[in-house]
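Colleague: Sequence:
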Amino acid sequence: MKIRTGRLEKEMTDEAAVYTSSLEFDRFIFDADIQCNYAHTSMLKAQGIIDEEIADKILEALDKLSDEGFDALEFDHSVEDVHMAVENYVTKLVGPEAGFMHTAKSRNDQVATDIRLLLRDRISEIQIGILEFIEGILELAKEHKETVMIGYTHLQHAQPVTLAHHLMA
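In my numbering, the protein residues as written are 482 to 650.
Calculated from the structure, these hints are not laboratory results. For glycine and all other residues, C-beta sits at the position ideal for the given N, C-alpha and C.
Within a straight-line C-alpha distance of at most 30 Å, the following computed DSSO-like cross-link-like pairs (lysine-lysine) qualify: (1) K526 <-> K545; (2) K573 <-> K526; (3) K586 <-> K545.
Simulated DEER-style distance windows between Cβ atoms: (4) R601 <-> M524: 14 to 22 Å; (5) T494 <-> D537: 40 to 48 Å; (6) I530 <-> T494: 38 to 46 Å.
Let the hints inform the model, and build the full structure from the sequences given.
Modeller: Shown next as structure tokens:
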């Protein structure tokens with residue numbers, strides 16, 4: 482599918498296409514894009530907005546793409562981003578009815594939702610790392626309840642404290 486045409490008389494150069502492409506970032510939102518399309522298509526089916534048979538074909542294609550991964554997508558300079566690549570993939574399997582998966586959904590909403598899903602997953606990963614770090618500090622403090630060290634106040638030696646107390650401060 483050709484995009485970014487219209488008023489331009491000439492085709493976009495390869496350099497311009499590479500410069501305007503978001504594919505390097507889109508690798509990160511690939512899974513979220515599939516989840517978003519899957520959820521939206523499921524809603525369209527449940528609400529009777531699109532035919533169940535078409536919805537099932539779209540969902541099956543999205544499942545297949547999810548299993549195959551990002552590298553299953555075909556990219557050339559006419560494919561602006563992961564959203565177009567996913568649509569092209571589903572269209573190859575389902576036919577033009579694949580376009581129904583975008584019914585009542587704007588591209589901007591798709592991108593915003595994809596990014597939110599990605600950030601939610603990344604934040605969860607960071608939270609897990611922080612909890613593991615805190616647990617490590619707690620274990621270290623338990624091991625050093627009796628280990629005495631010099632305390633500091635304004636970078637000056639102060640009263641002795643235990644390493645456990647220092648770690649838990």
